[in-house]
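Chemist: Sequence:
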Amino acid sequence: MDDELRKKTQETAQQLFGKGIKMDPPYLMWKEFDRDLANDLSLFITGKLYSRTVLTLPERQMVACAILSALRATDELKLHVNAALNVGCDPRKIAEIFFQLAPYAGMPAVNEALHVYRDVLKERGEWPIK
Numbered sequence: 023m024d025d026e027l028r029k030k031t032q033e034t035a036q037q038l039f040g041k042g043i044k045m046d047p048p049y050l051m052w053k054e055f056d057r058d059l060a061n062d063l064s065l066f067i068t069g070k071l072y073s074r075t076v077l078t079l080p081e082r083q084m085v086a087c088a089i090l091s092a093l094r095a096t097d098e099l100k101l102h103v104n105a106a107l108n109v110g111c112d113p114r115k116i117a118e119i120f121f122q123l124a125p126y127a128g129m130p131a132v133n134e135a136l137h138v139y140r141d142v143l144k145e146r147g148e149w150p151i152k
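Position one of the sequence shown corresponds to residue 23 (the working numbering), numbered consecutively onward.
Rather than coming from a laboratory, the hints here were simulated on the basis of the structure. One thing to keep in mind: the hints can contain errors.
[Claimed, not checked] Label pairs and their in silico Cβ distance ranges:
(1) K29 <-> N133: 25 to 35 Å
(2) D24 <-> E148: 30 to 40 Å
(3) D112 <-> F55: 34 to 44 Å
(4) E54 <-> A124: 19 to 29 Å
(5) N61 <-> A124: 32 to 42 Å
(6) T78 <-> L136: 18 to 28 Å
(7) P150 <-> Q122: 15 to 25 Å
(8) Q122 <-> V76: 14 to 24 Å
(9) G40 <-> F66: 12 to 22 Å
(10) G40 <-> T96: 16 to 26 Å
Here a beta-carbon is modelled for each residue, glycine too, at the ideal position from N, C-alpha and C.
Let the hints inform the model, and build the full structure from the sequences given.
Modeler: This is the structure we're talking about:
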């Protein structure tokens, strides 16, 4: 079971974070503090939660982008916007998610999210959106 979960974790992480912008995933920081806990968190988040099939990876990434932008967690948002693009999310839908924040999280959250998104797209060589 452990080998199967580790394989699923690595495969899912590769799909999400294996291409696009270059940034260290939070996992590397977690390991600096507690290697065992970092592994447990990674196995749960990427190996168990993100590999569930109720939502597809693109749907999960759209949800993550919406939540992170509402929380104004811009570092995490950068990572997950890149992951959303990696798993095939429509770039226009990602932008629409951020505009949808306006009545709930306010325009400052929209503006921050769009700024992060534009930076990721530029770094990936995909700006402007076509």
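Chemist: Using the C-beta atoms of D112 and F55, is the stated range 34 to 44 Å upheld?
Modeler: Distance hint for D112, F55 holds at roughly 37 Å.
Chemist: Assuming the hint says 19 to 29 Å, is it satisfied by the Cβ distance from E54 to A124 or not?
Modeler: 37 Å, violated
Chemist: Kindly confirm whether 25 to 35 Å is satisfied by the beta carbon distance between K29 and N133.
Modeler: 40 Å, violated
Chemist: Are Q122 and V76 spaced within 14 to 24 Å by their CB atoms?
Modeler: Given about 22 Å between the Cβ atoms, the range holds.
Chemist: Do the Cβ positions of G40 and F66 conform to the proposed distance bound of 12 to 22 Å?
Modeler: 20 Å, holds
Chemist: Between the beta carbons of P150 and Q122, is the distance compatible with 15 to 25 Å?
Modeler: Holds, at about 20 Å.
Chemist: Confirm or reject the claim that D24 and E148 have a C-beta distance inside 30 to 40 Å.
Modeler: Taking Cβ atoms as reference, D24 and E148 lie about 38 Å apart, which means the hint holds.
Chemist: At the C-beta level, are N61 and A124 separated by a distance inside 32 to 42 Å?
Modeler: 39 Å, holds
Chemist: Is 18 to 28 Å right for how far apart the beta carbons of T78 and L136 are?
Modeler: At roughly 24 Å between Cβ atoms, L136 and T78 fall inside 18 to 28 Å, so the hint holds.
Chemist: Measuring from beta carbon to beta carbon, are G40 and T96 in 16 to 26 Å?
Modeler: 22 Å, holds
Hint check: violations occur at hints 1 and 4; the rest are consistent with the structure.
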